[in-house]
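Protein chains: 2
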Amino acid sequence: MTSRDGFQWTPETGLTQGVPSLGVISPQTNIKDTGSDGPWDVIVIGGGYCGLTATRDLTVAGFKTLLLEARDRIGGRSWSSNIDGYPYEMGGTWVHWHQSHVWREITRYKMHNALSPSFNFSRGVNHFQLRTNPSTSTYMTHEAEDELLRSAVEKFTNVDGNHGRTILPFPHDMFYVPEFRKYDEMSYAQRIEQIQDELSPNERAALESFILLCSCGKLENSSFGEFLHWWAMSGYTYQGCMDCLITYKFTGGQSTFARKFWEEAVGTGKLEYVFGCPVRSVVDDESGNGVRVTARDGREFVAKRVVCTIPLNVLSTIQFSPALSKERISAMQAGHVNMCAKVHAEVDNKDMRSWTGITYPFNKLCYAIGDGTTPAGNTHLVCFGTDANHLQPEEDVQETLKAVGELAPGQFGVKRLVFHNWVKDEFAKGAWFFSRPGLVSECLEGLRERHGGVVFANSDWALGWRSFIDGAIEEGTRAARVLLEELGPKKEVKARL
Amino acid sequence: MTSRDGFQWTPETGLTQGVPSLGVISPQTNIKDTGSDGPWDVIVIGGGYCGLTATRDLTVAGFKTLLLEARDRIGGRSWSSNIDGYPYEMGGTWVHWHQSHVWREITRYKMHNALSPSFNFSRGVNHFQLRTNPSTSTYMTHEAEDELLRSAVEKFTNVDGNHGRTILPFPHDMFYVPEFRKYDEMSYAQRIEQIQDELSPNERAALESFILLCSCGKLENSSFGEFLHWWAMSGYTYQGCMDCLITYKFTGGQSTFARKFWEEAVGTGKLEYVFGCPVRSVVDDESGNGVRVTARDGREFVAKRVVCTIPLNVLSTIQFSPALSKERISAMQAGHVNMCAKVHAEVDNKDMRSWTGITYPFNKLCYAIGDGTTPAGNTHLVCFGTDANHLQPEEDVQETLKAVGELAPGQFGVKRLVFHNWVKDEFAKGAWFFSRPGLVSECLEGLRERHGGVVFANSDWALGWRSFIDGAIEEGTRAARVLLEELGPKKEVKARL
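Read top to bottom, the protein sequences are chains Z and C. Under UniProt numbering, the residue at position 54 of the first sequence is numbered 54, and the numbers go up by one with no gaps. Under UniProt numbering, the residue at position 95 of the second sequence is numbered 95, and the numbers go up by one with no gaps.
Same shape as in the complex, but just chain Z (with noise of 0.2 Å):
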């Protein structure tokens, strides 16, 4: 099935909109007269891997649920597009043993030996190439690689000459030693500015790269503290963050792992669902009629409760009633600052499966690696784009072209580009979420916090591996827990105990 999601280029057929994924659910729905099946114990609003889940254990538990997805797939901001066999994975990728709700759920759905290494240092052109402008590159073995970034980033969180283990000792209670609170309202450029003078300008450079890669937004607007989250997350070292975040992924691509939720759902004969079915506005008129939500196109659904795993930088878009609360409109109005582009180029070049590179601050893309060999036997490169050198992949692919080109001049053609430009997706706007400074310490609270008849859940405002499938997976757990002690059969707890 093909979705309407992401782009596709290659040198034959030009730029092409919609790409094929495992994701898309055919038919949209299984609602076969509009508003007949209702009313629904719960209605989750959003298919990615947090309403996947709240969907799934809700089902499981019994409740009869109505999913609405405003895309025509499962999967959210993580999804895979299979090509030729091949899947290029257009958002959220890499899983690890760290992450211990995705993990939970890759052993329960026995997908633990469904995992690839991105990372194969075996071929020819084995080695990180670092190039800091147009007209050079400094050559590197992988070993010199991790060295110079595991050097920078040390410097970069050891803020308390324990690695961050006693500012963050923590980290799902972040403010657990309350004066974190000033890395978190500190900006990558200001902490950068405090260590300045320890850093190379290799250092430099590949430490930018680095952390901008993580937030794909600029230096002066994306948190420190959020990035010494990530690290005390990671274990406090490099090589836990290369494990955590770019080193496993599912062979099969995401949309396999999705699928398995989906499937369970479904087999529990208590979901109905929607697809391409957007959201207009969600009202709990505190009549305890439940709550309605409205489509785009005028279709009503009421239920008990409502499940919004909508994104941070989306939740505009609906009108609720009663208005939301002032830290969560405040946050909705800040918003998160990851305007990534990724993008994948097949190119002709084997040998490159075993190059790393770093672009920085010159190239619109800035951080790539050899993912992959394809099915024609070329290696597949994911590359990443940040603000603070923006590139709409689609806009002009000439351009995208040079931005791939620039990472390796002449050493390879390009035979094909896949993307997904998640800052214009309207369901996005933008990747996974990043903090600006302050954002977290001012409003994570406020966008935990219940709405009425409403549960927000999301990876944006997880405790643990925030931004990530696994704090999806977290926020999609918590709702449905929620939900299953008010829903749930009257307790005899007490009497039993």
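Simulated from the structure, these hints should not be mistaken for laboratory data. Some hints could be false.
Since copy identity is lost for identical chains, a pair holds within one copy or between any two.
[Claimed, not checked] In silico BS3-like cross-links for lysine-lysine, where the CA-CA straight-line distance does not exceed 25 Å:
1. 304 / 110
2. 64 / 270
3. 304 / 32
4. 270 / 304
5. 182 / 218
6. 218 / 424
7. 350 / 402
8. 32 / 64
Nothing here was measured: the structure is a model prediction, and the numbers come from that model.
Chain C: place on chain Z using the hints.
Okay, now just chain C, sitting in the frame of chain Z:
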């Protein structure tokens, strides 16, 4: 409530059996009239974390479930005794956000801020004390302690020049690199022989004490591959091991966590249970009439399926019909090697809070740390002994007190001992699973196999954090998922997709 399990000694009371715990369930059953409430969908045998998880998942999904537990309490090999409001961990203790299954539950039960670090390096006796013979002590800073152990453990684990990452890239898929088998078949002693020339005497003593702390067996009967598996799960670093194995514990004790599973399961109204009910036999006559579980007292219970969570070393005490597979019998006969003696000592030197020590090989307790401050202001030390120099702590309390005293001679008086002798516990016959050389490669698959209407589930044969609370939850999750699929609503997946 006071459990029959555990021992306490004070100078005033001497040795007494049975200690208070929040894990004790009262009344011990909610079945009024034997057998009248059956048949059940599922009988879960064993109320440790594995059985609790399976029970919770099954009851939440609406299955009529019966939990049979031999003891008077939940938690199995992980439970805490609250004495004057202070928790002593009698078995499994430490958790970390890199342990996926347990952390998923900690977040789901909102206990991410109910943890405390065991270590507190802010008090007077702030050093590491290494004693390799009865007459001398070597004192080091904790930084030097970490460096000593890091260096030694890295030499031990670095079999591939890549800190184990090459030989064990996917720890949940242990034999992904088939050559890993040779390390699984290798004993600690054999591996030490390979590196003995690289180890200083202090490194060797610290290493042996540390790896024996993990296996609680002997150098000759502990699998080196199993330690490598822990190492890979921990992120292939000594610091990762320390973080995951011995750093974060529940502020209120393990039993506060176990109760969350219990209360959720009871709250569904689908749970019946009988404590103090050891099982004699499990018979699946393959007639399609279900599986019959007979208790030692002769009571019979019948269900469509059984989840048997009895530990490896106890399995042979139950009669199974049809007979168990050759692999399972062979594994049962071999057994695991963990003969841990874990002894808590309340000592009258407040400043010992920041002390750590290794006293090896001459002492019957070889590894200990300051683990807390008791309500009386004394230091709580947690001390471990292994099968390499075995202690049965209740047999001769004077010998136990002597072993505690040898850790730091002249530094304290003992006000209280608290412990559970897992070795003599008929429902455990050892502490957490630790493999003999070759046991995992030969038997892991066989231990995980289905046996007619019976699903065997236990942390002893988990894929990930085998031996840990995490592995117990992994296995309970797996068992419930298998039965959800088998007993769940008829699937309409094909028609609906």
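Hint check results:
1. For a Cα distance limit of 25 Å, the shortest separation of residue 304 from residue 110 across copies, 24 Å, qualifies, whereas the shortest one inside one copy, 34 Å, does not.
2. Taking identical chains as interchangeable, the C-alpha atoms of residue 64 and residue 270 lie at most 25 Å apart whether they share a chain (5 Å) or sit on different chains (19 Å).
3. Taking the closest pair of Cα atoms, residue 304 and residue 32 come within 25 Å of each other only inside a single copy of the chain (21 Å); across copies the shortest separation is 36 Å, beyond that limit.
4. Taking CA atoms no more than 25 Å apart as the test, residue 270 paired with residue 304 passes in both settings, with 15 Å inside one copy and 23 Å between copies.
5. For a Cα distance limit of 25 Å, the shortest separation of residue 182 from residue 218 inside one copy, 19 Å, qualifies, whereas the shortest one across copies, 50 Å, does not.
6. In this assembly of identical chains, residue 218 and residue 424 lie within 25 Å of each other by CA distance solely inside one copy; the values are 18 Å within and 62 Å between copies.
7. Within a single copy, residue 350 and residue 402 get their C-alpha atoms as close as 20 Å, which meets the 25 Å cut-off; across copies the closest is 67 Å, which misses it.
8. Proximity of residue 32 and residue 64 under a CA criterion of 25 Å is satisfied intra-copy only: 16 Å inside one chain copy versus 33 Å between copies.
Taken one by one, the earlier hints all hold for this structure without exception.
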